[in-house]
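Note that UniProt numbering has the sequence shown beginning at 1, numbered continuously upward.
Think of the hints as simulated: they come from the structure by calculation, not from any bench.
Don't take every hint at face value.
[As the list claims (entries may be wrong)] Derived CB-CB ranges, DEER-like:
no., residue 1, residue 2, range
1, S2, E93, 36 to 44 Å
2, D21, P73, 24 to 32 Å
3, K117, I67, 13 to 21 Å
Please read all numbers here as calculations on a predicted model, not as lab measurements.
Glycine is no exception: its CB is placed at the ideal position from the N, C-alpha and C atoms.
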Amino acid sequence: MSRADTEQLIADYYQAFNAGDMDTFLDLLTDDVQHDINQGGREIGREAFAAFMARMNRNYRERLVDIQIMASPDGARAAAEFVVLGEYQVTDEGLPEARGQQYRLPAGAFFELRDNKVARISNYYNLNDWVAQVSA
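Based on the sequences and whatever the hints tell you, model everything.
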């Protein structure tokens, strides 16, 4: 993939996320996608990623803004920086009680690409900042 193709794929990935189009979002992943969860473990496979997203979409309403995408010259890797605008809707296990709290959270992600799809995504954000925002 070229750098431009990679940047477009990541832009499409976030556009599908923001549109709530989970079919398109998941179709941009390899079958064996590796998902590194912020301050958590690694899940492997599109099915595991779909289950993760179902939980996220149930518990949180999020939209990403100020998205900046960077790709390596060979297009094999990419990174994105963005701001998450969210609402905590349903209490997630082990986290503070949800009461519709809104939050604004800087975040980032790293990607590996293979066969014109996302083969790995690693998401990062400051969990302590998020907890402080929803606990206030």
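Evaluation of the provided hints:
1. S2 x E93: 36 to 44 Å: Roughly 41 Å apart at Cβ, these two residues keep to the hinted range, so it holds.
2. D21 x P73: 24 to 32 Å: With a Cβ separation near 30 Å, D21 and P73 satisfy 24 to 32 Å, so the hint holds.
3. K117 x I67: 13 to 21 Å: For K117 and I67 the Cβ distance comes to about 19 Å; the hint holds.
No hint from the list above goes unmet by this structure.
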